[in-house]
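Q: Per our numbering: the sequence shown ends with 481, consecutive numbering throughout.
A couple of the hints might just be wrong.
[Claimed, not checked] Okay, the calculated beta carbon distance ranges per label pair:
{"no.": "1", "residue 1": "Thr185", "residue 2": "Arg458", "range": "17 to 25 Å"}
{"no.": "2", "residue 1": "Leu272", "residue 2": "Arg55", "range": "55 to 63 Å"}
{"no.": "3", "residue 1": "Phe370", "residue 2": "Asp456", "range": "35 to 43 Å"}
{"no.": "4", "residue 1": "Leu272", "residue 2": "Arg458", "range": "19 to 27 Å"}
{"no.": "5", "residue 1": "Arg55", "residue 2": "Lys108", "range": "35 to 43 Å"}
{"no.": "6", "residue 1": "Thr21", "residue 2": "Val218", "range": "46 to 54 Å"}
{"no.": "7", "residue 1": "Ile191", "residue 2": "Val57", "range": "19 to 27 Å"}
{"no.": "8", "residue 1": "Glu36", "residue 2": "Arg273", "range": "53 to 61 Å"}
[To be verified] Here are the computed lysine-lysine pairs in the BS3-like style, where the Cα-Cα straight-line distance is at most 27 Å:
{"no.": "9", "residue 1": "Lys392", "residue 2": "Lys335"}
{"no.": "10", "residue 1": "Lys284", "residue 2": "Lys10"}
{"no.": "11", "residue 1": "Lys73", "residue 2": "Lys149"}
{"no.": "12", "residue 1": "Lys73", "residue 2": "Lys108"}
{"no.": "13", "residue 1": "Lys108", "residue 2": "Lys68"}
{"no.": "14", "residue 1": "Lys121", "residue 2": "Lys149"}
{"no.": "15", "residue 1": "Lys149", "residue 2": "Lys108"}
{"no.": "16", "residue 1": "Lys149", "residue 2": "Lys68"}
{"no.": "17", "residue 1": "Lys305", "residue 2": "Lys328"}
{"no.": "18", "residue 1": "Lys10", "residue 2": "Lys59"}
{"no.": "19", "residue 1": "Lys212", "residue 2": "Lys284"}
{"no.": "20", "residue 1": "Lys59", "residue 2": "Lys73"}
{"no.": "21", "residue 1": "Lys335", "residue 2": "Lys284"}
{"no.": "22", "residue 1": "Lys328", "residue 2": "Lys308"}
{"no.": "23", "residue 1": "Lys208", "residue 2": "Lys10"}
{"no.": "24", "residue 1": "Lys392", "residue 2": "Lys308"}
{"no.": "25", "residue 1": "Lys135", "residue 2": "Lys121"}
{"no.": "26", "residue 1": "Lys59", "residue 2": "Lys149"}
Rather than coming from a laboratory, the hints here were simulated on the basis of the structure.
The structure displayed is predicted, hence computed values, not measured ones.
By construction, the Cβ of each residue, glycine as well, lies at the ideal position given by its N, Cα and C atoms.
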Amino acid sequence: MAELTQNEKRLLADLEKEKTADATHLADLLEATPEAVVQWAHLAQDRGLVTVERIVAKEFVYTDEGKVYLQKGLPETQLLQDILPGTTLVDLQNHEAFRIGFGQLRKKGLVKVEGTSILKATGASTEAYELALKNPSATDTATTEIVKRGLLQETETVRYIISITTEGLAYAQAGLDLRGETGTLTHEQILTGEWKNLHLRRYDVTKLPKKAYPGKVHPYQRIIAEMREILLEMGFEELYGGIVQQSFWNFDALFQPQDHPAREMQDTFYLRENLPLPEGYEKVKAMHESGGETSSTGWGGVWKEEKAEQCVLRTHTTSVSIQHLAKNPTPPVKAFCVGRVYRRETIDPTHLAEFEQLEGIVMDEGVTFGNLLGILREFYHRMGFLSVRFKPSYYPYTEPSLDAEVYVEGLGWIEMGGAGVFREEVTAPLGINYPVLAWGLGVSRIAMLRLGLKDLRYLHQSDIAFLRETPVLRHTKGGV
2 MAELTQNEKR LLADLEKEKT ADATHLADLL EATPEAVVQW AHLAQDRGLV
52 TVERIVAKEF VYTDEGKVYL QKGLPETQLL QDILPGTTLV DLQNHEAFRI
102 GFGQLRKKGL VKVEGTSILK ATGASTEAYE LALKNPSATD TATTEIVKRG
152 LLQETETVRY IISITTEGLA YAQAGLDLRG ETGTLTHEQI LTGEWKNLHL
202 RRYDVTKLPK KAYPGKVHPY QRIIAEMREI LLEMGFEELY GGIVQQSFWN
252 FDALFQPQDH PAREMQDTFY LRENLPLPEG YEKVKAMHES GGETSSTGWG
302 GVWKEEKAEQ CVLRTHTTSV SIQHLAKNPT PPVKAFCVGR VYRRETIDPT
352 HLAEFEQLEG IVMDEGVTFG NLLGILREFY HRMGFLSVRF KPSYYPYTEP
402 SLDAEVYVEG LGWIEMGGAG VFREEVTAPL GINYPVLAWG LGVSRIAMLR
452 LGLKDLRYLH QSDIAFLRET PVLRHTKGGV
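All chains, full assembly: derive it from the sequences and hints.
A: Below, the structure written as structure tokens:
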């Protein structure tokens, strides 16, 4: 048997005399708290030296209102005593117990009203409830009702009974070394050699310490911060923008037609507010109606200013990127934006009505589609996804367009986001004469893969167990 701690030995020494004792009594003998004694007893119980019995007792405590009724009687009892032959409702209404008592009497079926008269039911009695108030019992239905009425409060008291076993008694009778132990050595004790004569406390270095749950950044926020750090290291600057955007920047400037399904109420949160259109909006209008000064034919039809003025909760962060390009039409531009976007989605394990999107743009002389593939591959590698592939796709404001996929062990190829080169219909009205590479991805999808989640809602719930057990992620380039 491993060496006992000094406190276990002290506990056994007292139990050798007491045999069985309450933890509170042992705490007085050992000059310790009951909680500490129970902890020592559990250690000794693991060695088979003592047994620990946990006894839970229910008790009832009177509330202030309950104490009053204990002296005066329940309101229904007080009222029932005053109901005599010929008593009317008017006679009772002046009674101080009428408001509560009359309701209880009718609820229990102890009285009935005939015209203006109040009659007692045959055998009407509140004796069972009076007894429950005076001598409550956990198994009594009347007591349960008294508790529901707030006259009694049910509490639990826990006692621990600690008994020494035959093995523990034999161990104690064989002799216990109760000398004081030294757990910490001083500088002087080490220098003078005094430590050699001390009774040192033994430590079991194989035992795991108690789990600590320190404060830490939310796992989802750590992943967003990691993405931000990677892009800053890659030479991007970060863009910021409001969640309320004008439809002009959210849709029209990106060459989405005004009758596009994405603009319908089932996809977009529209607001009552309107904002005046920016200077030069006529070029965007011309692009939609006829293709402007480009080879495009546009969408045709009539482009309506009032529809472009309407505000929405942004459906993507591209509305921030396109405004940055409008203000900076000459290269180089290399920027990203990470922020929350809003869409009218049915909430389920893989869809939310609001979620984070990460988007990047690169504009420079001579950049190509191949540069876009290289940027995406480098970003995903740094995020820990070493196998990346691309496939052709379609997006309204980029051509050519692609989807990026990463390989996850056990899941296969997972689509992460879309990318492409802005169409001439997007860049020409803004006076941009250089290629613009653009890409975007759902941050929550990466978070689900990194954290091993199957439900997006965990990213936004205050689940203490999830937050405690999720390890602090360390930023390691090129690996998860």
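Q: Now look at each hint and say whether the structure bears it out.
A: Structure-based check of each hint:
1. Thr185 x Arg458: 17 to 25 Å: Between Thr185 and Arg458, where Cβ atoms are some 48 Å apart, the hint is violated.
2. Leu272 x Arg55: 55 to 63 Å: With a Cβ separation near 59 Å, Leu272 and Arg55 satisfy 55 to 63 Å, so the hint holds.
3. Phe370 x Asp456: 35 to 43 Å: 36 Å, holds
4. Leu272 x Arg458: 19 to 27 Å: Since the Cβ atoms of Leu272 and Arg458 sit about 26 Å apart, the hinted range of 19 to 27 Å holds.
5. Arg55 x Lys108: 35 to 43 Å: Since Arg55 and Lys108 have Cβ atoms about 39 Å apart, the given range 35 to 43 Å holds.
6. Thr21 x Val218: 46 to 54 Å: 51 Å, holds
7. Ile191 x Val57: 19 to 27 Å: 49 Å, violated
8. Glu36 x Arg273: 53 to 61 Å: 60 Å, holds
9. Lys392 x Lys335: 24 Å, holds
10. Lys284 x Lys10: Not OK: Lys284 and Lys10 at ~89 Å, beyond 27 Å, violated.
11. Lys73 x Lys149: Cα-Cα ~20 Å, so holds.
12. Lys73 x Lys108: Holds - the C-alpha atoms of Lys108 and Lys73 are around 21 Å apart, at most 27 Å.
13. Lys108 x Lys68: Holds, at about 23 Å.
14. Lys121 x Lys149: This hinted pair holds, its Cα atoms lying about 25 Å apart.
15. Lys149 x Lys108: 14 Å, holds
16. Lys149 x Lys68: 15 Å, holds
17. Lys305 x Lys328: 24 Å, holds
18. Lys10 x Lys59: 33 Å, violated
19. Lys212 x Lys284: 63 Å, violated
20. Lys59 x Lys73: 26 Å, holds
21. Lys335 x Lys284: Holds. Lys335 to Lys284 sits at ~25 Å (cutoff 27 Å).
22. Lys328 x Lys308: 23 Å, holds
23. Lys208 x Lys10: With a Cα-Cα distance of about 20 Å, the restraint between Lys208 and Lys10 holds, given a limit of 27 Å.
24. Lys392 x Lys308: It is violated: about 35 Å lies between the C-alpha atoms, which goes past 27 Å.
25. Lys135 x Lys121: 24 Å, holds
26. Lys59 x Lys149: Status holds; Cα separation ~16 Å.
Checked against the numbered hints above, the structure breaks hints 1, 7, 10, 18, 19, 24 and satisfies the rest.
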